[in-house]
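K.L.:
If you're matching positions, the sequence shown starts at 45 in this note's numbering and goes up one per residue.
Hints in this document: simulated from the structure, not taken from any laboratory.
Since we're looking at a predicted model, the values are computed, not measured.
Ideal Cβ placement from N, Cα and C applies to all residues, glycine included.
Treat the hints with care, since some could be wrong.
Below, in silico cross-link-like pairs of lysine-lysine (DSS-like), each with a Cα-Cα straight-line distance of 25 Å or less [said to hold, decoys possible]: (1) Lys329 x Lys393; (2) Lys274 x Lys192; (3) Lys191 x Lys274; (4) Lys274 x Lys190; (5) Lys297 x Lys329.
Derived CB-CB ranges, DEER-like [said to hold, decoys possible]: (6) Ile326 x Asn267: 16 to 22 Å; (7) Leu281 x Ala149: 36 to 42 Å; (8) Ser95 x Phe334: 22 to 28 Å; (9) Arg266 x Leu230: 45 to 51 Å; (10) Gln88 x Ala286: 40 to 46 Å; (11) Arg141 x Asp265: 21 to 27 Å; (12) Leu153 x Tyr188: 17 to 23 Å.
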Amino acid sequence: MTASIFENRIFRRSPTETSRILGVDIARGIAIIGMFVLHAIPAQSSSPILSAGTAIFSDQRAQILFATLDGISIGILTGFGSTSRASNGGEIAKIGRFVERQTIAIRGLYLVTLGLFLTTLGSPIVVILDYYGIYFLLVLPFVYMKKKTILGISLTLLIVGPYITHLARQSIGDPSVTGNEYLPPLIERIASWTLVGQYPAIIWLGYVFLGLAVYRIGILDRNSQIHILKVSLPVGLFMTAAGHGLLLNEISKQTITLFGSAGVAISIVLAATFFADGNRIILRKFSRTFLYPISALGGMPITIYFFHVIYFAFLMHYLTLNEIQSGKTFSILLIASVIFSVICLQFVKRGPMELAISQLLPQRTG
Numbered sequence: 045m046t047a048s049i050f051e052n053r054i055f056r057r058s059p060t061e062t063s064r065i066l067g068v069d070i071a072r073g074i075a076i077i078g079m080f081v082l083h084a085i086p087a088q089s090s091s092p093i094l095s096a097g098t099a100i101f102s103d104q105r106a107q108i109l110f111a112t113l114d115g116i117s118i119g120i121l122t123g124f125g126s127t128s129r130a131s132n133g134g135e136i137a138k139i140g141r142f143v144e145r146q147t148i149a150i151r152g153l154y155l156v157t158l159g160l161f162l163t164t165l166g167s168p169i170v171v172i173l174d175y176y177g178i179y180f181l182l183v184l185p186f187v188y189m190k191k192k193t194i195l196g197i198s199l200t201l202l203i204v205g206p207y208i209t210h211l212a213r214q215s216i217g218d219p220s221v222t223g224n225e226y227l228p229p230l231i232e233r234i235a236s237w238t239l240v241g242q243y244p245a246i247i248w249l250g251y252v253f254l255g256l257a258v259y260r261i262g263i264l265d266r267n268s269q270i271h272i273l274k275v276s277l278p279v280g281l282f283m284t285a286a287g288h289g290l291l292l293n294e295i296s297k298q299t300i301t302l303f304g305s306a307g308v309a310i311s312i313v314l315a316a317t318f319f320a321d322g323n324r325i326i327l328r329k330f331s332r333t334f335l336y337p338i339s340a341l342g343g344m345p346i347t348i349y350f351f352h353v354i355y356f357a358f359l360m361h362y363l364t365l366n367e368i369q370s371g372k373t374f375s376i377l378l379i380a381s382v383i384f385s386v387i388c389l390q391f392v393k394r395g396p397m398e399l400a401i402s403q404l405l406p407q408r409t410g
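All chains should be modelled from the sequences, with the hints used to inform the complete structure.
P.N.:
Given below as C-alpha cells:
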C-alpha cells in the first residue's frame, strides 16, 4: 500500500514546486479502510452493515486499488508524458531519468525490507508490502515507454497472468501453503513474489501498468477522466457481476474478476480526482473538508499499514483470530489511524515511515 503508496506530488513549474493530488490521497484512504475491513471483520458477520463492508471490498479490491495507485504514483515520480508536465520540455532532462529510476528502486527496496520484517512478526495478515516493492523494481525498465505500449502490457498480464500462475502452481505448488516448502528459501521467495504467491507479479504488475497508463493519458484532465470513466465504470460493474454470476472455470472466473476489480479501482481514482482536484470550487471545498479524515489516512499509507500489521501481531499473542475480528477492532483501527494521521500531517507533514524513506532518496536538483 504503497509510491501509491508512496508518492503523491505532481510537478508544476520546477522540481521543487509541488502540490499533492488530493484525489489520489482520498483513493488511498479508501483502500486503507478496505484493508481494515478485510482484516478486522470476519467474512461471515452477523451484522448486515459489516457484511456489506466485506462484500464491497471482496475480490481483493482494496489491494488492487493500491496496486493501481502504485502505477499512478510511478507516473507522478517520472512525470513522463503527463498532461501536467507537457509544457516543461526540458524538465525531465534536468532531473535525469537515472535519478528517477534510482528513486523508484530505493522505494522498492524499502518496501521489500519492511515487508520481510513484518512477515517475521506472526501477524495473521498476509503481508503485501514486499510484493509492492518487487513491483516497483520490475517496472523500472518500462517506466518511459509510450502509454499505448504500457496499456498493452497491462492487458496482456491481466489476461495471460492467471494461466501462467495456474501452471506454475501445478508445477511447484504455492510456497505459502504449509507442506509446499521444498524449494531453496531464496528461490521459494522469488517464486512467491513473481509466479505462485498470494499477489504474484505476473498478474499484479498488470494493475501497476494500468495505473501508469491512466496517469499518462491524463489523470487531471477533465475530458480524459470522463472518457476513461465511460469505459472503467461499465467494465467494473459488468465484469464483477459476470465473475460472480456466470458458471465458469476457476481461471476464467479469476480473469473476469481481475478486470472487474481493475475497472472499479480506476473508477474510484478518477472519481476522487474529478471531485477533489477539478475546477468546481464547491466540490473541492467539500473534498478538502468532509473527506479530510480519509485523505489524511491516504497521506501516510506505509505508516498506517505498517502499524496495523504490528497491532494484529500483538493481538495474536493474547487472542485467537476469531476473537480479534470484530466491529470493535475495526472501529479502534479506524479511529486511532485517523487521529494519528491528522496529528502527523498537521505537525510533521508526513508519517514516520514516509519520513524515513524521504531521507534515503536522492535529492532532486534543477
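K.L.:
All the hints need checking, so say for each whether the structure fits it.
P.N.:
Here is how each hint holds up against the structure:
no., hint, result
1, Lys329 x Lys393, "holds, 20 Å"
2, Lys274 x Lys192, "holds, 18 Å"
3, Lys191 x Lys274, "holds, 19 Å"
4, Lys274 x Lys190, "holds, 22 Å"
5, Lys297 x Lys329, "violated, 41 Å"
6, Ile326 x Asn267: 16 to 22 Å, "holds, 21 Å"
7, Leu281 x Ala149: 36 to 42 Å, "holds, 37 Å"
8, Ser95 x Phe334: 22 to 28 Å, "holds, 26 Å"
9, Arg266 x Leu230: 45 to 51 Å, "holds, 48 Å"
10, Gln88 x Ala286: 40 to 46 Å, "violated, 24 Å"
11, Arg141 x Asp265: 21 to 27 Å, "holds, 24 Å"
12, Leu153 x Tyr188: 17 to 23 Å, "holds, 20 Å"
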